[in-house]
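Chains A and B supply the protein sequences, listed in that same order. Each number in the working numbering corresponds to the 1-based position in the first sequence with 2 added. Each number in the working numbering corresponds to the 1-based position in the second sequence with 37 added.
No lab work stands behind these hints, which were simulated from the structure alone. Cβ coordinates follow ideal geometry from the N, Cα and C atoms, glycine included. Warning: the hint list may mix true and false statements.
Claimed, not checked - Partial list, computed: chain B residues near chain A (C-beta under 7 Å):
#	residue
1	E54
2	D66
3	L223
4	G273
5	L683
6	V693
7	M717
8	L718
Unchecked claim - A few chain B residues that face chain A, going by a derived Cβ cut-off under 10 Å, partial list only:
#	residue
9	A53
10	D509
11	Q688
Take a look at the letters that make up each chain.
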Amino acid sequence: MPRLVRLHVNGQVHEVFTPPHRTLLELLREDLGLTGTKHGCELGECGACTVLVDGRPILACLALAVEVEGAEILTVEGLGRPGNLHPLQEAFMEVGALQCGYCTPGFLLSAKALLDQNPAPSRQEIHEALSGNLCRCTGYLRIVQAVERAAVKAR
Amino acid sequence: MKEFTWISKPYPRVDAEAKVTGRVRYADDLVLPGMLFCKLLRSHLPHARIRRIDTTRARSLPGVLAVLTGKDLPAHKFGILPTSQDQEALCVEKVRYVGDPVAAVAAIDEWTAEQAVRLIEVEYDPLPSYMTIEDALFKEGEPIHAQGNVHKEVSLEFGDVATGFEEADYIREDIFLYHGSAHLPLEEHAAVASYEPGDLLTVWSSTQVPHYLHRTLSKVLDLPMSRIRVIATPVGGGFGGKSDIFNHEIVVAALAMITGRPVKCTLTREEVFYTLRRHPTLMWVRTGVREDGTITAMHFRAILEGGAYGSYGVATTYYVGALQPITYKIPNYRFEGMRVFTNAPPGGPKRGHGTPQPRFALECHLDKIAEDLGMDPVELRRRNLVAPHTKTVNWLRITSCGLAECLKKVVEASRFHEKHRRLPRGRGVGLAVSGYLSGAGLPIYWNDLPHSQVHLQVDRSGSVTLSCGAIDIGQGSNSVLVYTVCEILGVSPEDVRLIVADTAITPIDLGSYSSRVTFMAGNAALQAAQRMRDLIAAAVAEKLGVPAESLIFQGRQVKVGGGEDRALSWREACEVAEARYGLLSATGTYTPPRLAGPYKGSGVGPSPAYSYSACVAEVQVDEETGVVSVEKIWIAHDIGRALNPLLVLGQVEGSVYMGLGEALMEDLSVRQGVIRVPSMLEYKSPTVKEMPEVEAFLIETVDPEGPFGAKECGQGPLLPVPPAIANAIYDAVRVRIDEVPITPEKVLKALERRRKGEEGRFGPGGFPAIRFKEPIRVAPPSPSSAGRVEPRP
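With these hints in hand, go ahead and build the complete structure from the sequences.
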């Protein structure tokens with residue numbers, strides 16, 4: 003039976019009437035129109051749908067919307083906007099850490115979770131934090147550089 | 038030399054901000070009012086006759102608006118190549134691979150569409166299936182297509198191979214196998230169609246080839262092209278995997294026409310695995326060399342496992358043989374190639390299109406020859422390198438060529454000679470070189486028409502509207518177009534509004550494949566911008582009473598040169614020009630020169646310019662587990678000119694990454710017609726943890742025909758990576774793995790064989806006994822035409 007869920011997304015409260023089996027990914031993209039969160043598999047394999055729930059990266063395709071009721075959810079739309087970008091977004095642009103851009107929102111949020119916990123991560127810690135996100139374009143090197151650059155900038 | 042403002046500078050890509058803020062609209066992000074969702078019913082059998090399809094139960098499910106079978110569509114087959122029109126949007130008589138679509142549903146939501154698909158009843162009569170090259174060639178039974186299981190056979194001889202082998206002091210033969218791999222773009226294919234009164238069909242699709250999709254929709258739906266609008270949405274990764282026409286693109290259009298409502302279809306990840314794969318290719322190569330290492334003759338044979346349909350396969354078959362002579366002078370060369378149908382997903386083009394397989398074979402084979410001759414593998418290659426501005430034995434025109442410099446660069450940077458055969462056991466270095474096309478010289482449909490076109494419009498506000506049919510698949514074509522126009526007109530990216538890949542309003546570009554967009558659309562943009570500059574310069578010159586040639590377009594100004602400090606702002610200049618000439622419009626066009634040689638089959642291989650790469654890999658091999666870890670890659674790429682070094686290095690590194698995946702782990706194997714691992718978790722691809730350090734060098738040779746001298750970079754740098762890794766493994770542990778991917782099991786087996794005193798090798802044991810048809814014999818270009826290449830008229 004559908005039920006009403008209250009979700010805190012990017013600082014705004016949304017009330018959505020939804021069946022309990024609806025995933026957070028479906029709800030974000032289809033009910034709230036937040037299409038910045040991508041899907042690459044809907045099986046928890048690619049990391050493209052990574053969002054932050056109370057600061058922790060989760061795969062929105064594996065979470066039910068009802069499970070995250072009341073938590074603070076951050077998607078790429080809430081990370082920064084044109085003219086007021088997050089340092090990670092700036093760094094991704096500057097070092098060329100994106101090509102097709104499809105995996106980029108997921109990487110940005112995994113990286114944000116890392117830097118929020120650990121403002122000066124080692125390269126190995128960056129690798130660990132990003133190892134659940136797949137990218138087929140860049141070869142990852144510039145993504146890692148971008149995270150390092152953003153970490154330096156934020157300090 | 039002129040200092041550039043926008044070219045050769047590492048500016049971020051023009052779509053970077055939209056991409057980092059999640060504001061780019063990919064195909065599946067589109068939602069239209071009243072939109073329906075489509076799901077396809079796909080065959081679970083590899084080869085079967087369709088006896089009956091009953092859609093009654095599916096139709097009666099509430100929420101279902103339409104159920105479609107092949108019989109509801111006009112009986113026109115399609116295929117990307119004019120010679121291989123062998124596919125149906127929905128199969129009518131038979132299915133040819135697990136995953137071949139037989140019916141489709143449009144429903145109010147995805148869940149209902151899925152339920153309805155399960156209610157469709159299909160009765161099949163199974164047919165004997167062909168799972169391997171050997172099955173396809175030798176098994177009895179009804180073939181997959183009426184023409185038989187041999188899709189294409191090629192047999193070409195350039196020069197005189199028999200004499201060439203007689204002149205050789207040493208001859209070696211080897212057999213190699215390159216397994217199939219997946220493109221695995223992060224974005225799953227998606228298409229949305231909308232049908233408006235007045236027969237106006239619009240299809241949005243994540244496609245690399247909007248123009249060919251436009252053509253195909255017109256053919257299969259019996260609609261004139263003028264009634265169809267195809268909009269390619271920004272592509273979330275292609276690598277060739279979105280360069281064909283796919284069933285769902287036609288099906289959503291048909292369903293939109295039937296229901297009168299917009300229809301979307303997004304493939305699941307599993308369905309994406311079943312779209313296309315790199316051709317598994319078995320190869321045999323025989324080369325004769327003199328004592329000093331110079332090649333006297335080469336004979337190359339290949340069999341491509343083609344899967345169920347033609348796709349680009351005819352071209353792929355030729356490509357497997359075409360590019361060996363662009364890196365080495367091969368005076369006598371014979372190529373025999375065959376593509377066979379099997380009951381598997383179709384083989385299609387993937388990054389390097391038919392050339393990574395033979396490049397792997399060739400570079401490993403040459404490494405063995407160098408070893409046999411006791412020669413330095415660098416020296417062996419140096420003695421055979423092609424020279425710039427020459428023609429190859431198979432009539433390919435080489436213009437700029439920085440291969441020697443690429444080779445020198447990676448050998449020095451990696452300290453190859455200090456390491457090769459000198460590192461401790463388990464550690465090794467390997468080398469390979471390669472070359473690739475900057476766009477196919479001939480179009481898919483043979484005609485004299487331009488390959489790329491650009492339109493520019495400028496108005497009194499100073500706004501520049503730039504339109505082109507090219508689609509950005511992540512390679513950065515949008516940035517190339519915008520920065521080229523900014524460079525010539527002296528404006529900034531914020532002055533330019535870019536409209537791409539919309540067949541209703543953008544001029545035709547053939548598509549984002551064969552590494553053609555920077556070269557061809559870049560040249561078209563350059564010409565359009567130069568014409569626009571000339572137009573505005575003429576008006577400004579008249580107004581100011583100065584010669585038009587003296588005007589400088591820079592920094593959003595049109596300045597009078599020669600020490601004068603008079604200038605008009607860009608906006609003022611546009612106003613003057615619009616007042617003088619009316620609507621300011623300019624077009625640019627690029628058509629490659631006629632490059633095909635005088636023989637049948639010469640259409641595949643020619644390109645207006647070739648890029649070159651050289652690679653050294655350093656590896657560590659664990660002899661206990663067989664695990665190979667790549668410690669570092671050095672790669673040098675002859676790019677002609679790097680229009681944007683940031684983007685070029687991204688392409689080079691991305692190519693290295695993909696080559697690394699194919700070399701060590703990516704294997705899209707099919708068992709009994711079913712893909713063994715159709716998931717991103719089990720289909721192994723490198724994560725950030727497997728990616729080694731890459732030191733990349735860009736070599737600029739400033740090609741005479743490339744825009745600002747640029748050549749391609751999106752595909753070529755993949756090619757030398759797998760053989761460099763295989764050669765490094767030999768250097769590390771003295772075993773030859775003649776088959777990619779080089780998995781730990783293969784390394785262990787080869788090590789075990791070596792320990793038993795057998796040949797330390799893992800690879801295919803033989804090549805099927807096929808009698809290829811008599812070759813077309815082609816005389817090499819005469820020495821005079823092999824000299825300096827004449828400039829274009």
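| field | Status of the M717 of chain B interface restraint (C-beta, 7 Å, chain A) | value | holds, 4 Å
| With 10 Å as the cut and Cβ atoms as the points, is A53 of chain B at the interface with chain A? | Holds, about 4 Å.
| How about E54 of chain B: closest beta carbon in chain A under 7 Å, or not? | holds, 6 Å
| message | Hint validation: V693 of chain B versus chain A, beta carbon distance must be below 7 Å. Holds or violated? | response | holds, 6 Å
| said: Under 7 Å is the threshold here; is the Cβ of L223 of chain B close enough to any Cβ of chain A for the hint to stand? | reply: holds, 4 Å
| request: With a cut-off of 7 Å on the beta carbons, see whether L683 of chain B makes it to chain A. | output: Holds: closest Cβ of chain A sits about 4 Å from L683 of chain B, inside 7 Å.
| task | Tell me if D509 of chain B is really an interface residue toward chain A, meaning its C-beta lies closer than 10 Å to one of theirs. | result | holds, 8 Å
| said: Less than 7 Å between beta-carbons is the criterion; does G273 of chain B satisfy it with respect to chain A? | reply: holds, 3 Å
| query | Is the interface hint for D66 of chain B satisfied, with its Cβ closer than 7 Å to some Cβ of chain A? | reply | holds, 4 Å
| field | chain A contact restraint on Q688 of chain B - CB to CB distance below 10 Å | value | holds, 8 Å
| message | Quick check on L718 of chain B please, does its C-beta sit within 7 Å of some C-beta on chain A? | response | Holds, because the Cβ-Cβ distance from L718 of chain B to chain A comes to roughly 4 Å (cut-off 7 Å).
Checked against the numbered hints above, the structure violates none of them.
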